[in-house]
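Chains as they are written, first to last, in the numbering used here: chain A, 1 to 308; chain B, 1 to 251; chain C, 1 to 297.
Rather than coming from a laboratory, the hints here were simulated on the basis of the structure. Note that the coordinates shown come from a computational prediction; the quantities given were computed from them, not determined experimentally. Fair warning: there could be bad hints in the mix.
Computed footprint of chain A on chain B; a stretch qualifies when at least three of its residues, placed anywhere within it, have a C-beta under 8 Å from a C-beta of chain A [said to hold, decoys possible]:
1. 10-16
2. 61-72
3. 81-91
4. 115-127
5. 235-242
From the three backbone atoms N, C-alpha and C, an ideal C-beta is built for every residue, glycine too.
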Amino acid sequence: MSPYMLSLLTSIAIFAILSLSLSLLIGHMGIFSMAHAALFGVGAYTYAFLSVKQDWSPLAATAAAIVLAAAAGAVMAVPALRVSGDYFIVASFALQIVASSVFSNWTSVTGGTGGIPGIVRPVFGPIDLFQDQPFLVYSFIVLLIVAALGFWLVRSPFGRMMHTIRDDEVVAATMGKPVRGTKILVTVLAGAFAGLAGVVYGQYLMYISPGSFEVATSVSIITMVVVGGMTSILGSIIGAAIITVIPPLLQEIRLAESVAGPLEQAFFGLLLVVLMFTRPQGLLADKPHRRPRSAGTQAAAQEASHVA
Amino acid sequence: MLLEVENASKWFGGLQAVKGATFGVPEGQVTGLVGPNGAGKTTLFNMITGTLPTDEGTVTYNGTDITSASPQDRVAAGIGRTFQDVRLLPRLSVIDNVCVGVQKQPGERVRNVFFRPAKSRAEEQRTVDFAHECLDFVGIPEQVRGQSAGSLSYGEQKLVSIARLLATRSKLLLLDEPTSGLDESSLDQFRAVLAKLLSEGHTVLLVEHNMLLVRELCHRAVFLGTGEVLAVDTPEKLMESEVLRDVYFGA
Amino acid sequence: MNLFIQLLLNGVVAGSVYALVAVGFALIFGATSHFHIAHAAVFSGAGYLAVIATQNLGLPGGVAAAVGLILAVLLGVALVRFLYTPLGRRGGQGFVLFLVSLGALVVVDNLFTINLGARPAQLSLGGWFHRAIPMGSWSMTVGQVALVAITVVAFTALLLVLTKTRAGKLITAYSGNPEFVEIVGRRPQRVLVLVYAAGSLFAALAGLYVAADTGMQPGLGETFFIISIMAVFIGGIGSVTGAFIAAMALGVLQNVLLMRIDAEWTLPVIFVLFLVLITVSPAGLSGLKLTSRRRPA
């Protein structure tokens with residue numbers, strides 16, 4: 001496999017983790033976050049700072065990165081969700097802008113606009129991830145784990161509760177579901193996954209800088225979720241693949257540096273607008289669950305019409 | 001009295017929707033809540049379930065003051081309701097809609113989902129089986145239970161919402177206009193389900209326009225007019241009263 | 001003390017920019033409950049369009065500013081006419097309108113960046129704009145004074161329109177009164193267009209000032225916008241007065257803080273303040289008003 005292909009697939013894997021985790025929040029919980037790139041960055045910077053500048057072990061630094069990213073999610077969620085989803089949009093947008101500013105300005109910790117170089121890829125016993133091929137496998141394993149966790153969560157009663165709250169909060173409350181607590185919990189989980197993606201990203205590039213974690217990135221991730229289908233795990237992965245492939249495709253058309261970035265962004269914006277008119281639910285959608293009854297009860301059901 | 005509402009009042013801006021309403025719901029009986037449109041019946045309902053806060057007055061359930069309790073706390077205590085406009089979750093399957101009503105599901109806690117998978121799965125299957133029983137009770141056929149709730153007819157959706165209420169295993173059932181909008185054939189099926197339900201000795205507060213149905217199903221009824229409790233009596237006596245008939249048909 | 005007064009004056013200037021954007025957003029959001037994030041595009045668009053008018057069409061500063069203003073207002077109206085209303089008719093859920101607004105913002109902002117590059121797009125209104133007016137030990141520029149004056153006048157005019165005219169009272173009736181909407185039905189198209197036009201006018205004025213002052217830049221629009229939006233929510237949804245006051249307060253705070261902290265940390269501080277305020281008083285400043293009269297549900 002060519003280095004170019006390896007690089008593309010690794011990017012897809014990492015952004016699929018971001019897209020998947022955001023779909024939990026946007027698609028399954030119905031909460032709009034503009035801060036996913038910020039949480040991605042919190043994870044990346046925490047890992048980079050602790051492992052490079054403070055000599056922490058990769059495992060400890062990863063744990064810290066996940067916890068801090070989750071905490072950042074909680075910081076914006078707890079006050080905002082007491083009120084409404086609109087407050088959350090504001091809080092998340094503000095967090096994103098503040099985070100970008102902090103990444104660029106807190107030079108002593110984040111290295112400012114220069115970023116943090118010298119991130120080392122992890123070593124698992126005899127397996128060294130310095131080569132791009134094993135690293136790709138590692139990225140996909142992380143993606144698979146996150147996807148499995150997400151899938152499990154969504155199909156569980158907790159997932160059903162999320163969907164109930166998403167679609168009708170009043171009914172959810174009337175059925176005894178903890179509305180605010182669930183929303184905050186999902187925001188924290190989404191943040192944790194974004195933080196994990198940040199760790200893998202830093203390990204991959206072995207260097208991070210503020211430019212990767214700006215509003216534009218948050219918009220890209222949102223576009224991935226919308227394109228692939230907000231409520232489909234597989235869809236968010238496909239969405240990530242599609243959106244990740246576009247910038248390199250655009251580079252085929254020989255454009256000036258300064259135009260390529262904005263053009264890409266403008267294209268994503270246009271895609272969002274067009275999708276809202278043509279197919280707002282995205283490529284793939286979640287189907288209603290059948291939930292069959294257990295074998296033994298089938299016969300009993302034929303007779304009884306009484307509720308115990 | 002399982003439920004006691006005392007001097008409950010509610011304002012919307014300058015408009016007083018409920019004025020000092022006082023009445024009780026005896027345990028094991030079916031109490032009707034009747035009155036013309038706009039009398040404040042649904043508002044009163046919402047105050048009992050905690051969906052709307054009371055501006056004045058108290059709500060007491062099973063001897064405990066629940067006036068400031070959240071809707072979640074109230075359903076945990078045993079108060080369940082249906083909605084006048086049904087309010088199923090159209091994107092979820094029929095069976096999932098009923099499962100939503102089941103209380104205290106371990107699988108609704110993330111820690112159980114990930115760290116106690118076997119127990120969660122077993123409990124979920126019990127929840128699903130129970131939900132199926134509730135659907136058996138109201139007569140929704142097996143083949144549609146995997147479909148999205150939005151694909152069902154209005155009458156079927158109303159039945160599913162009763163099943164959802166049953167799933168909560170509530171002690172006090174609040175039914176908000178359960179037969180409104182139903183055509184003749186659905187109405188018959190519904191009446192049969194209601195009758196079956198009520199024969200099991202649940203405590204019920206039933207908002208209904210159809211006075212004949214109220215007479216058939218309720219032991220007594222509370223007559224609400226422009227936000228005030230005008231009378232509490234058996235349905236027959238209420239129907240005989242000229243004063244009340246004026247309020248009802250004059251409105 | 002001198003420094004403090006100067007920072008205070010600077011704060012009022014910044015607050016005026018925030019207030020214009022905030023009042024515009026509050027008007028629109030209050031009347032429609034729609035998170036019109038593309039409002040930021042109207043803000044920056046006014047500046048960009050005026051600069052393009054001077055650069056590409058060779059128009060003098062003042063005329064270009066007028067052109068920028070009109071086009072920006074038309075942009076706001078076009079958004080509601082061609083994007084929001086058609087989508088709303090299809091029964092789109094809330095997220096559809098938000099996403100289309102976000103998409104529009106991204107498209108507009110990036111089209112300008114492609115056209116004008118990443119350097120600040122500077123609008124030249126003439127030498128008078130930057131001329132300093134000495135006021136004892138402090139000073140303001142003519143442009144700054146003009147901004148504050150225009151902000152106060154525009155806001156006062158808006159309040160008069162909202163309370164005295166029929167259209168204004170109708171708009172106020174929609175704000176924060178979902179029951180009214182249910183009774184009357186969907187807001188008539190004319191009211192919508194009026195609301196978006198007025199709101200966009202305010203944002204455009206702010207954008208023109210920024211373009212004339214330091215020049216409009218891609219990241220700059222975001223920063224101004226987010227502070228203005230925080231002001232709207234601190235001030236209380238549906239209250240243009242609350243938005244105005246909160247925006248002014250944030251502008252002043254941001255500048256006075258410079259006595260103690262570096263410029264790049266003022267935004268994080270304001271963000272933390274925002275989180276604290278909405279925790280303490282979810283209904284915003286207008287929610288802090290304690291009255292014995294019954295509040296609407």
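Hint check:
no.: 1; hint: 10-16; verdict: violated (count 0)
no.: 2; hint: 61-72; verdict: holds (count 3)
no.: 3; hint: 81-91; verdict: holds (count 6)
no.: 4; hint: 115-127; verdict: holds (count 4)
no.: 5; hint: 235-242; verdict: violated (count 0)
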